[in-house]
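Chemist: Spelled out from the first residue to the last, the chains are:
Number of protein chains: 2
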Amino acid sequence: MPETAPLRLGIAGLGTVGVGVVRIVRKHAALLAARAGRPVEIAAVSARSRDKDRGIDIGRYGWEDDPVALARREDVDVVVELMGGSDGPAKATVEAAIRAGKDVVTANKALLAHHGQELARAAEAAGSVLRFEAAVAGGIPVVKALTEGLAGNEITRVMGVMNGTCNYILTRMEATRQGYDALFDEAHKLGYLEADPQLDVGGIDAGHKLALLAAIAFGTQVNFEAVEIEGIEQIELRDIEEAAAMGYRIKLLGVARMTGRGLEQRMSPCLVPANSPLGQLEGGTNMVVIDGDSVGQIVLRGAGAGEGPTASAVIGDVIDIARGFRVSTFGVSAGDLVAATPARAAVPAPYYLRMELIDKPGAMAKVAAVLGEAGVSIDRMRQHGHSAPTAPVIFVTHKCARAQIDAALVGMSQTGVVAGAPVAIRIEEV
Amino acid sequence: MPETAPLRLGIAGLGTVGVGVVRIVRKHAALLAARAGRPVEIAAVSARSRDKDRGIDIGRYGWEDDPVALARREDVDVVVELMGGSDGPAKATVEAAIRAGKDVVTANKALLAHHGQELARAAEAAGSVLRFEAAVAGGIPVVKALTEGLAGNEITRVMGVMNGTCNYILTRMEATRQGYDALFDEAHKLGYLEADPQLDVGGIDAGHKLALLAAIAFGTQVNFEAVEIEGIEQIELRDIEEAAAMGYRIKLLGVARMTGRGLEQRMSPCLVPANSPLGQLEGGTNMVVIDGDSVGQIVLRGAGAGEGPTASAVIGDVIDIARGFRVSTFGVSAGDLVAATPARAAVPAPYYLRMELIDKPGAMAKVAAVLGEAGVSIDRMRQHGHSAPTAPVIFVTHKCARAQIDAALVGMSQTGVVAGAPVAIRIEEV
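Note that the protein sequences, when read in sequence, are chains P and H.
Under the numbering used here, read the first sequence as residues 9 to 438, first letter to last.
Under the numbering used here, read the second sequence as residues 9 to 438, first letter to last.
Please note: incorrect hints may appear among the correct ones.
[To be verified] Covered stretches of chain H (in silico footprint by chain P; criterion: 3 or more residues with CB under 8 Å from a CB of chain P, positions within the stretch not fixed): (1) 34-41; (2) 104-115; (3) 143-150; (4) 166-175; (5) 318-324; (6) 332-339.
Because the hints were derived from the structure by calculation, they are not lab data.
For clarity, every value in this text was computed on a predicted model and none was experimentally measured.
No residue lacks a Cβ here, since even glycine has one placed at the ideal position from N, Cα and C.
Take the sequences, apply the hints, and build the full model.
Modeler: Here you go:
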């Protein structure tokens, strides 16, 4: 018989997302009850301050100053962890909840990227469910799609644009023809950046998400340390414009792929075709692209952050639990998750190369020779007219290994005809 | 304790999709077992001919000539109905399976569009699960997204391009500048059309899918009869070209929306912005766009048909059942599904109008007067230079009700200055 007693939530953290969850539970009580087959209620909450004005009345709920105490309350069935942070109170709260036999729903990508394996194992041992739809790509139900809807597929690749702030900066650079610094400032003024902006523009936040997607896509232990991360700080307006002239756009793109040499996980700027779904993605929207052996390619698009979308994902997990659905955290038993060998950019790809060539006879020949020695062949080349003592030169290579590109970059710096550091950006086939 | 005994499938129908399901179960036995927490096996199959060469060996499975007998077999836990057809053997098989207390997975949109309510009720009474991810938009896990991932949302609109053949014909008309008839023939030669092509180009197949999406989006009883259906046969190349010139593309678009006046369900050609995800959709790919009050807009894109994608959706449902997930067919208890009042194109929209104006003085004034009398105001107008005795004239109206457009069309036919029947196509905001 399905459970019909109310499902009682304990919400730890009343920031934007926590308030969003409270609002949905209150506004849609009847709808949630009809869908879950039982009422969904908030039993208690915990936050830093009880008295802060959040635009919602929390007086009717139980209160705990200490989220760990919340996690242990008798009247809580599901602990909803929305505090954030990879360690500290968030980790203690989730651990306490699992020890107390409660189910857990979290939006905390950092926590799971760093401790997902041990938490999944602990949850399984305790008979608890630990779910995290809201941790990846906000409102897009991508964890569900990968672990459930596409469970009949061997996933061959999962990739995505999963940091709205970076995508906002990059698309605004192209639209306004302003440089990175100006758009960074704009994003900052609009409140789009984390307190530590490096989490956004350095690709760390998106890297956390990619590590989680890789685990569920390939049945591997979460290994955030193995994600090759490169931020968008080095992207210049001229790269965006050169890419556009060749039919590409630059995205901070996460790619996870199981190869014969191991698991490749990267979060880095890439060129993608401007007319592809990824290339067409504007502003703060997120997109995840999944390739499966039977399903082909599935593209999911939606808001990657914000009160409503993130709370929507939290409630989706809550409803699953209310309905009695008890799926493993990463889609298979924690003990079955494989420790994959990390493989650095294992799959060959074409690359975009930009360098400042010093204007003297034989310069181009030297660069071309370096590329040839590294085994890198040239698909396209552009050199613009110039008045400065250096000339910007763009190469698009044929497919080659990242190691070959790295060898070519080292070689170029030794030619004496390349000013500054050349830029190399992978072109991802989508 | 979770179930660990094998889940035993009985597959009724070994056409393209049935063969695809067999292939996945065989190829990915270990993967499915790891994900489901128990083996997934095929116990028995049924089809018209046992001896037909399907490229797979079915000799190892039990065989039934009669799918109803398959549905009753002791060694079958889940009946996978892949025969198709709204009545006849498919319906008898699903009914027999439910009566025997089996769970059912089907890809049969016609069956559920016509009998979904009674089958959901019967399944619920019997304690059976009846699932149909493969019936809507092929491999895209949209039923799961709507009923589970987005269960925290009040859905405000769901729309989609869900017939790949129609989208193929329309995008090829634009690309090749050929008329409808030529591309219909091409699609026919390529095997893209159903035995009864009217199911495709008449919008019926896509209408079935829309009726199912509406039921799960709004918690309403499936009401296929209330879907306003219009096919693509009337779309001319010049409409596609005129639309393109104004920044639109024509899609066979299904839209379901709950309004103050009732449930609006339409499957008809619409203009959508060329730079929107729907506008950019090429060829046989499907797309579903979901608007929710918390999540905002979610877009799902993927293959809408074919062996692999459809079988992938079937297996997704099977894995859910294997994991012990028992969700109601349409997301809420069958008894809670509401009989919604049908509302014909309730929401005002701009319209594209094309007519052949007879070239005589005062003709334009008469047409403009008719539009004015119907309360339809004009946003944009184009008249091309011409040599024929009639001139093609295009109007784009401001937002108005469909009833106003219909009144204007009647009025125009009475002016004596419009040759033939004017064309009216809704412009959908996306």
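Chemist: Does each hint hold? Answer for all of them.
Modeler: Here is how each hint holds up against the structure:
Counting residues of the region 34-41 of chain H whose CB lies closer than 8 Å to any CB of chain P gives 3, so the stated coverage by that chain holds, three being the minimum. Chain P is given as covering the region 104-115 of chain H, and this is violated because 0 residues of the stretch bring a CB closer than 8 Å to a CB of that chain, at least three being needed. With 3 residues having a beta carbon nearer than 8 Å to a beta carbon of chain P, the region 143-150 of chain H meets the requirement of three or more and the stated coverage holds. With 0 residues having a Cβ less than 8 Å from any Cβ of chain P, the region 166-175 of chain H misses the three-residue criterion, and the hint is violated.
Here the region 318-324 of chain H counts 6 residues with a CB under 8 Å from a CB of chain P, which clears the bar of 3, and the coverage holds. Here's how the region 332-339 of chain H fares: 6 of its residues keep a CB closer than 8 Å to some CB of chain P, so the rule of at least three is met and the hint holds.
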